[in-house]
Amino acid sequence: MDKQPVDVETAGQNVAGEEPAAEPEAVTDDTTVHDDDVELERTIGLVGGLAIGIGTMIGAGIFVFPGLAASNAGLAATVSFGIGGLIALLVALPTSELATAMPRSGGGYYFISRGMGTAYGAIVGLGLWLGLMFASAFYLVGLGHYASAVFAELGVGLPFSPVIGIGLLFGAALTALSIGGTENTAKLQNIVVGILLVVLTGFLSYGVLDAFGVFGRASAPEHFFSRGYFPVLTTAALVFTSYLGFAQVATVAGEIKRPGRNLPLAMVGSVLVVTVFYVVTIFVATSAFGADRLGQFGETAMVEVAREFLGLPGAVAILGAGLLATFSSANASILSASRAVYALSRDALLPRKASEVNLRYGTPHVALLAAGGPILALVATGQVELLAEVASFLHLIMYGLMCVALIVLRRRNPEWYSPSYRVPGYPVLPGVGALASFGLIAFMQPASIAIGIVVMAVTYLWYRYYAGDVKLKGDI
Amino acid sequence: MTDRPSILVPIRVLEGESVPEGVPGLLANAHVVLLGYHVVPEQTAPGQAQMQFEERATARLDEYEAIFEEAGAIVERRLVFTHDGQKTIDRTIHEHDCMAVLVPNATGAVDDVFVAVRGTVGIDRLARVVAGVFGAMDTSITLYHVVETEETDEDIETLLDGVADRLGELGVDESKIETRVERDLRPLEAIVDASEAFDAVVMGETDPSLVTYVFGMPADQVADRFLGPVLVVQHELANERDE
Numbered sequence: 001m002d003k004q005p006v007d008v009e010t011a012g013q014n015v016a017g018e019e020p021a022a023e024p025e026a027v028t029d030d031t032t033v034h035d036d037d038v039e040l041e042r043t044i045g046l047v048g049g050l051a052i053g054i055g056t057m058i059g060a061g062i063f064v065f066p067g068l069a070a071s072n073a074g075l076a077a078t079v080s081f082g083i084g085g086l087i088a089l090l091v092a093l094p095t096s097e098l099a100t101a102m103p104r105s106g107g108g109y110y111f112i113s114r115g116m117g118t119a120y121g122a123i124v125g126l127g128l129w130l131g132l133m134f135a136s137a138f139y140l141v142g143l144g145h146y147a148s149a150v151f152a153e154l155g156v157g158l159p160f161s162p163v164i165g166i167g168l169l170f171g172a173a174l175t176a177l178s179i180g181g182t183e184n185t186a187k188l189q190n191i192v193v194g195i196l197l198v199v200l201t202g203f204l205s206y207g208v209l210d211a212f213g214v215f216g217r218a219s220a221p222e223h224f225f226s227r228g229y230f231p232v233l234t235t236a237a238l239v240f241t242s243y244l245g246f247a248q249v250a251t252v253a254g255e256i257k258r259p260g261r262n263l264p265l266a267m268v269g270s271v272l273v274v275t276v277f278y279v280v281t282i283f284v285a286t287s288a289f290g291a292d293r294l295g296q297f298g299e300t301a302m303v304e305v306a307r308e309f310l311g312l313p314g315a316v317a318i319l320g321a322g323l324l325a326t327f328s329s330a331n332a333s334i335l336s337a338s339r340a341v342y343a344l345s346r347d348a349l350l351p352r353k354a355s356e357v358n359l360r361y362g363t364p365h366v367a368l369l370a371a372g373g374p375i376l377a378l379v380a381t382g383q384v385e386l387l388a389e390v391a392s393f394l395h396l397i398m399y400g401l402m403c404v405a406l407i408v409l410r411r412r413n414p415e416w417y418s419p420s421y422r423v424p425g426y427p428v429l430p431g432v433g434a435l436a437s438f439g440l441i442a443f444m445q446p447a448s449i450a451i452g453i454v455v456m457a458v459t460y461l462w463y464r465y466y467a468g469d470v471k472l473k474g475d476i
Numbered sequence: 001m002t003d004r005p006s007i008l009v010p011i012r013v014l015e016g017e018s019v020p021e022g023v024p025g026l027l028a029n030a031h032v033v034l035l036g037y038h039v040v041p042e043q044t045a046p047g048q049a050q051m052q053f054e055e056r057a058t059a060r061l062d063e064y065e066a067i068f069e070e071a072g073a074i075v076e077r078r079l080v081f082t083h084d085g086q087k088t089i090d091r092t093i094h095e096h097d098c099m100a101v102l103v104p105n106a107t108g109a110v111d112d113v114f115v116a117v118r119g120t121v122g123i124d125r126l127a128r129v130v131a132g133v134f135g136a137m138d139t140s141i142t143l144y145h146v147v148e149t150e151e152t153d154e155d156i157e158t159l160l161d162g163v164a165d166r167l168g169e170l171g172v173d174e175s176k177i178e179t180r181v182e183r184d185l186r187p188l189e190a191i192v193d194a195s196e197a198f199d200a201v202v203m204g205e206t207d208p209s210l211v212t213y214v215f216g217m218p219a220d221q222v223a224d225r226f227l228g229p230v231l232v233v234q235h236e237l238a239n240e241r242d243e
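Listed in order, the protein sequences are those of chains L and D.
Per this note's numbering, the first sequence starts with residue 1, numbered consecutively.
Per this note's numbering, the second sequence starts with residue 1, numbered consecutively.
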């Protein structure tokens, strides 16, 4: 990719009289070029992209879900995670194509608004922002569970459950930290992800050997579909939150170096890596205890699994890893949420003020507060499963629409649309991706679906009220 | 007149860095690549900073561009919002094929310039920068070399004469060129000490090594301690890229 022209015209203005910011002239491997001599540098490499994807995904699913998933679906929860990974892959491939054609900040929102028009874009963009809040809240509640388990491990008896309090504390701390401008958040993320992968690989290798009886204690074989087939699908819908991270890579698409190569590799690569880790983890966890007992351990079941294998040191290692992982997921999601706010206000769907940069720290304090504040309210509910499902719902709508947007763009084939990566098996693969994304929603709890629909309705009404005249669709 | 060497002048345009006094005069004969850049933290999208600060930054660059053009330089400019200033500088050097980077410090009239000659590598670019920038000025040029242990007197003579000849070919008045050789000193300290008496420094870029990784590049250290402008001559482009 040498210099790829951008030919998407925006027009109109919102209630406050703001117009969408000018589109760049072109994108190159290293920059986004505006008006010939103004450039935005791309600074995130492949490793950074993978760290964002893996770092967001690996915390939630691996550390919070095994107990919940096993109690729902038994040993077949491994299949649930497999299904989740497959759907994520079916969406990650089309997303990669769109991202190489439009490597701009905002990810899925940008692709859909330019491919299908402002109304869809607004629903997805605002939905993405809110979805990330639900996801962050879910991660923070998970973090609270892990931190509480630390207290339990230390033998500190507390008269109340500290889960929500700790979640709130960390939520506030993370928001403050990102506003205050910690210098090396990305490097920190890379290191955390590296440590996590090492700890998990060691732990899982031991667990797999143990499950096959290498250490002389073959686990009791269990009926695979012990809860039947339907729970496998509802569990897949529940745990899909574990796979939301690859889309976070697309929210920083404007900052990825050599986007034509690094975006697809980072998105598809991180999905493949975490799918393997998830499936193996659930297998190890369920074969250590059996689904029933695992289910009783709840959100911190992994700690008990580690204790079973490796005693106290194992439990401590997994506790530490769980804290790091949920922390990095929450951190990454808050940052993505603020990127989403930026993309929306750039396009005049939110007030320009929302992406204002703080003079002292250089950070987008309004956007970060707009993400951090509501997250705390959501954390206060303490509803792990509901938070996870609403986050999944809002993301699944976006994923499905991204697949549709790809089909729309390929059919119309506008001149500016020249992705350097093309999805194989068009139109079947993106078609299946769209159907699978929308289809998975059907297996969620009615309450989650209802909340999701209300959120979408509100975002649509906001768009009609605030930015009904804004035109974002590309020339197709 | 020789070819105008392209010299990168990087300026943190929104953080109070400006073109110091005397610098436009210094680069009057150069092809100036004026790079205004603004470093944003990782939690901020560069585009976000652009939305808010582009106008202000552009206005400042307009001013600086005018000052350089008034002094006689040819100016190309860039405004970049980035997470990583060094990456931006490196990329700009690469894209504009800059022969040298200026570490801008205020300066008065430049009467004498200090040129640190390290070894045979990169001599030609060093000569072209010196001749291009200072050749047409009435500046005395001191070629300075710190002897390394395995070098013989002949080696040094060949080296410095070679540079002087090359400068002569490029149109520099050879009577203005002096040479100075020192022994038994650590090159970096020697350069810093010796350069104090001069108005400007020209030196080569050094390959990163473990020492430079810990203490910073020698050119940066010289620039930190020498109060005048430093021109750091860049290596020939290797043309390979990471990631």
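In short, the hints are calculated from the structure, not lab data.
Keep in mind the model is a prediction, meaning the values are calculated, not measured.
Even for Gly, the Cβ is constructed at its ideal location relative to N, Cα and C.
Take the hints with a grain of salt, since some may be wrong.
[As the list claims (entries may be wrong)] Residues on chain L that point at chain D, a partial pick, calculated with CB under 7 angstroms: (1) Leu177; (2) Ser178; (3) Trp416; (4) Ser418.
[Unchecked claim] Here are the in silico distance ranges between beta carbons for each label pair: (5) D:Arg225 / L:Ala176: 36 to 46 angstroms; (6) L:Leu265 / D:Arg225: 40 to 50 angstroms; (7) L:Leu265 / D:Glu55: 35 to 45 angstroms; (8) D:Asp224 / L:Ile191: 27 to 37 angstroms; (9) D:Ala106 / L:Val276: 37 to 47 angstroms.
Status of the hints after comparison with the structure:
1. Leu177: violated, 9 angstroms
2. Ser178: Since chain D brings a Cβ to about 5 angstroms from Ser178 (chain L), closer than 7 angstroms, the hint holds.
3. Trp416: violated, 19 angstroms
4. Ser418: violated, 22 angstroms
5. D:Arg225 / L:Ala176: 36 to 46 angstroms: With Cβ atoms ~38 angstroms apart, the hint holds.
6. L:Leu265 / D:Arg225: 40 to 50 angstroms: Holds, at about 44 angstroms.
7. L:Leu265 / D:Glu55: 35 to 45 angstroms: Between Leu265 (chain L) and Glu55 (chain D), where Cβ atoms are some 37 angstroms apart, the hint holds.
8. D:Asp224 / L:Ile191: 27 to 37 angstroms: holds, 30 angstroms
9. D:Ala106 / L:Val276: 37 to 47 angstroms: violated, 59 angstroms
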